[in-house]
Amino acid sequence: MKSHTEYLTFNTRHEHEYVHITPQVEKAVRQSGIQEGLALVSAMHITAGVYVNDNEEGLIEDIEAWLEKLAPKNPAYKHHQTGETNGDAHLKSMLVHHQVIVPVTAGRLDLGPWQRVFYAEFDGRRNKRVLIKVIGE
Amino acid sequence: MKSHTEYLTFNTRHEHEYVHITPQVEKAVRQSGIQEGLALVSAMHITAGVYVNDNEEGLIEDIEAWLEKLAPKNPAYKHHQTGETNGDAHLKSMLVHHQVIVPVTAGRLDLGPWQRVFYAEFDGRRNKRVLIKVIGE
Amino acid sequence: MKSHTEYLTFNTRHEHEYVHITPQVEKAVRQSGIQEGLALVSAMHITAGVYVNDNEEGLIEDIEAWLEKLAPKNPAYKHHQTGETNGDAHLKSMLVHHQVIVPVTAGRLDLGPWQRVFYAEFDGRRNKRVLIKVIGE
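Residue numbers (numbering that gives the first Met the number 0), protein chains in the order written: chain A, 0 to 136; chain B, 0 to 136; chain C, 0 to 136.
Isolated chain A, as found in the complex (with noise of 0.2 angstroms):
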């Protein structure tokens, strides 16, 4: 079995942040010469999520106005009451989930024809970090 691990870090200019990934996850598997296998992506922080979805600026408007309805700002979250101002950000990323894995076949990432990977910001402004881990063969 063979392995590879990559960190993005990402310092978005906006607090909420979508960025299209696919390329550098396509890139870590490259290098890890990998055919069969399976690439973890993982958000390394609790303000932040990983999905897949499409690439299609529409829709990731709609992703942002559906998870400020389902899991909105609130000064009253009790997670405040240690300085913290964000807890609508932990709640986001526990929605959208903070990881994927994609699926690699014969060398390339075995997504669908839409599929793409995407990093979701909701705590952004400074340093933030994304693990790819691939393993196989």
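Some clues are possibly wrong.
If several chains are the same, the list does not tell them apart, and a pair holds so long as it fits within one copy or across any two.
[Claimed, not checked] Below are the SDA-like pairs computed for lysine to any residue, each with C-alpha atoms no more than 25 angstroms apart in a straight line:
hint, residue 1, residue 2
1, LYS127, GLU83
2, LYS127, THR21
3, LYS1, GLY32
4, LYS127, THR11
5, LYS77, ILE20
6, LYS77, HIS19
7, LYS1, LEU108
Keep in mind the hints are simulated off the structure, nothing from the lab.
Once you've looked at the hints, dock chains B and C against the given chain A.
Relative to chain A, chains B and C alone:
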């Protein structure tokens, strides 16, 4: 390390459908010959999901009603400016998540007594695929 | 490829409980002897979840209140026609997701500074299991 990859194709009769696919996952694991490992079951489309829960008709109706409440059909989604009408299906897919990992132990799916694998279709009536990739030894 | 499988059993005092299980996952990884790989942590029941987020008491109360809002107790669930009363617990399990993959690097859990693994019980006060399966080398 061994690996085995299969693709299932679904063309559901209804726009929304919840298809029990544990038998197909079991078959893929059997064909892989893998005794210890992980089986990834992952939708290849961005308007479908894969989840593990109960194979009980009432619960499936509850899930359908719940998803419609949290990620409703709505003509106003910005995604619809592309000509699409399935914005809600993308959000439902994100809520359910598009993949699960089924552990494989002693050559069998290592699921709890009531755990069953489901393909959740949110924009059906056309060919859509699910990937099963088993890795292990 | 090596693999190592463990089962944890929980019998929580309360119907809902959020149990910090990072130490148990660390121990399983140590016992596996695996240096590079993936650790699957997966609930074996359909009324429980496993997630990664902050070990902060206020946030855990926020998560509980948020799940109750998005997937409330409701006597009207169709699932209850079977005699069950835990329809909401199934939906909460789906929202949180029932599993995570923890990457293993240099023999340790490769988590970010605040990432902790939690078992989320939504229908407790009886024996329920979580599987940990580590694969790698």
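Verification of the hints:
Only within a single protomer do LYS127 and GLU83 lie at most 25 angstroms apart by alpha-carbon distance; the minimum there is 17 angstroms, versus 34 angstroms between protomers. For a Cα distance limit of 25 angstroms, the shortest separation of LYS127 from THR21 qualifies both inside one copy, at 17 angstroms, and across copies, at 21 angstroms. For the identical chains of this complex, LYS1 and GLY32 are neighbours both inside a copy (8 angstroms) and across copies (16 angstroms), given an alpha-carbon limit of 25 angstroms. When the C-alpha separation of LYS127 and THR11 is checked against a cutoff of 25 angstroms, the pair qualifies only within one copy, where the shortest distance is 9 angstroms, while the shortest distance between copies is 35 angstroms.
When the C-alpha separation of LYS77 and ILE20 is checked against a cutoff of 25 angstroms, the pair qualifies only between copies, where the shortest distance is 22 angstroms, while the shortest distance within a copy is 33 angstroms. In this assembly of identical chains, the alpha carbons of LYS77 and HIS19 lie at most 25 angstroms apart only when taken from different copies (19 angstroms versus 32 angstroms within one copy). For the homomeric pair LYS1 and LEU108, the shortest alpha-carbon distances inside one copy (16 angstroms) and between copies (18 angstroms) are both at most 25 angstroms.
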